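Student: Sequence:
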Amino acid sequence: MKCVIGGAQLRVFGRAIHAIARISDEFWFDPVEKGLALRSVNSSRSAYACVFFSSMFFQQYYKPGYKLMEIIFIVKKLCVNVLERNVEKCSISTSPKDHHVTFQLLCRHGKVTEVTSLENHRAAQHLMPLSTQEQLILSPAGLGMFISISLCRIPK
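Numbering (my numbering) for the sequence shown: 3 to 158.
There could be a bad hint or two in this list.
With a Cα cut of at most 25 angstroms, we get these calculated PhoX-like pairs of lysine-lysine [as the list claims (entries may be wrong)]:
hint : residue 1 : residue 2
1    : Lys65     : Lys91
2    : Lys4      : Lys91
3    : Lys65     : Lys36
4    : Lys113    : Lys91
5    : Lys36     : Lys4
6    : Lys65     : Lys113
7    : Lys99     : Lys65
8    : Lys99     : Lys4
9    : Lys91     : Lys36
10   : Lys4      : Lys113
11   : Lys65     : Lys4
12   : Lys113    : Lys36
These are computed hints drawn from the structure, not numbers from a lab. Computed from a prediction, not measured in an experiment: that's the story for all the values here.
Turn these sequences into a full structure, and let the hints steer you where they fit.
Tutor: As structure tokens, then:
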């Protein structure tokens with residue numbers, strides 16, 4: 003998978019990650035043909051959040067035809083202020099051969115590259131809500147066709 007985010011979309015992407023990080027320190031990327039989903043479940047497994055970005059949201063979006071790792075955990079906090087003020091463009095790419103994800107940030111003062119190892123955590127798949135559960139779909143004004151946010155409570 004490779005996606006490039008720039009401009010106002012980078013600000014929206016950073017805020018979405020920040021919102022998901024409030025639910026849990028762990029969240030994962032779920033790349034699909036139509037876009038990229040960011041998902042999170044809290045530690046008590048009582049809340050779930052998903053933010054889906056359509057492929058049209060990105061300047062470039064490429065998902066390979068083969069099956070990529072389904073769940074990629076990222077256990078890092080993101081400082082949204084730094085992302086909004088200093089970063090002009092962000093490129094996210096994965097390499098299943100090397101089992102890593104690369105975040106390349108084009109900042110005003112140079113380029114920063116962060117390489118993080120991937121973890122495939124199939125145990126969390128059962129935490130995703132089923133279609134029969136209540137879901138609330140929110141679409142920010144002007145971005146309705148590009149992004150949808152899904153929040154729900156998981157019954158015990």
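Student: Hints first: check each against the structure and report whether it holds.
Tutor: Tested hints:
1. Lys65 <-> Lys91: Satisfied, since the Cα-Cα distance of roughly 19 angstroms is no more than 25 angstroms.
2. Lys4 <-> Lys91: holds (13 angstroms)
3. Lys65 <-> Lys36: With Cα atoms ~9 angstroms apart, Lys65 and Lys36 stay inside 25 angstroms; holds.
4. Lys113 <-> Lys91: holds (10 angstroms)
5. Lys36 <-> Lys4: This hinted pair holds, its Cα atoms lying about 13 angstroms apart.
6. Lys65 <-> Lys113: holds (24 angstroms)
7. Lys99 <-> Lys65: holds (15 angstroms)
8. Lys99 <-> Lys4: holds (14 angstroms)
9. Lys91 <-> Lys36: holds (21 angstroms)
10. Lys4 <-> Lys113: holds (17 angstroms)
11. Lys65 <-> Lys4: holds (7 angstroms)
12. Lys113 <-> Lys36: The hint is violated at about 29 angstroms.
Comparing the model with each numbered hint stated earlier shows that hint 12 is the single one that does not hold.
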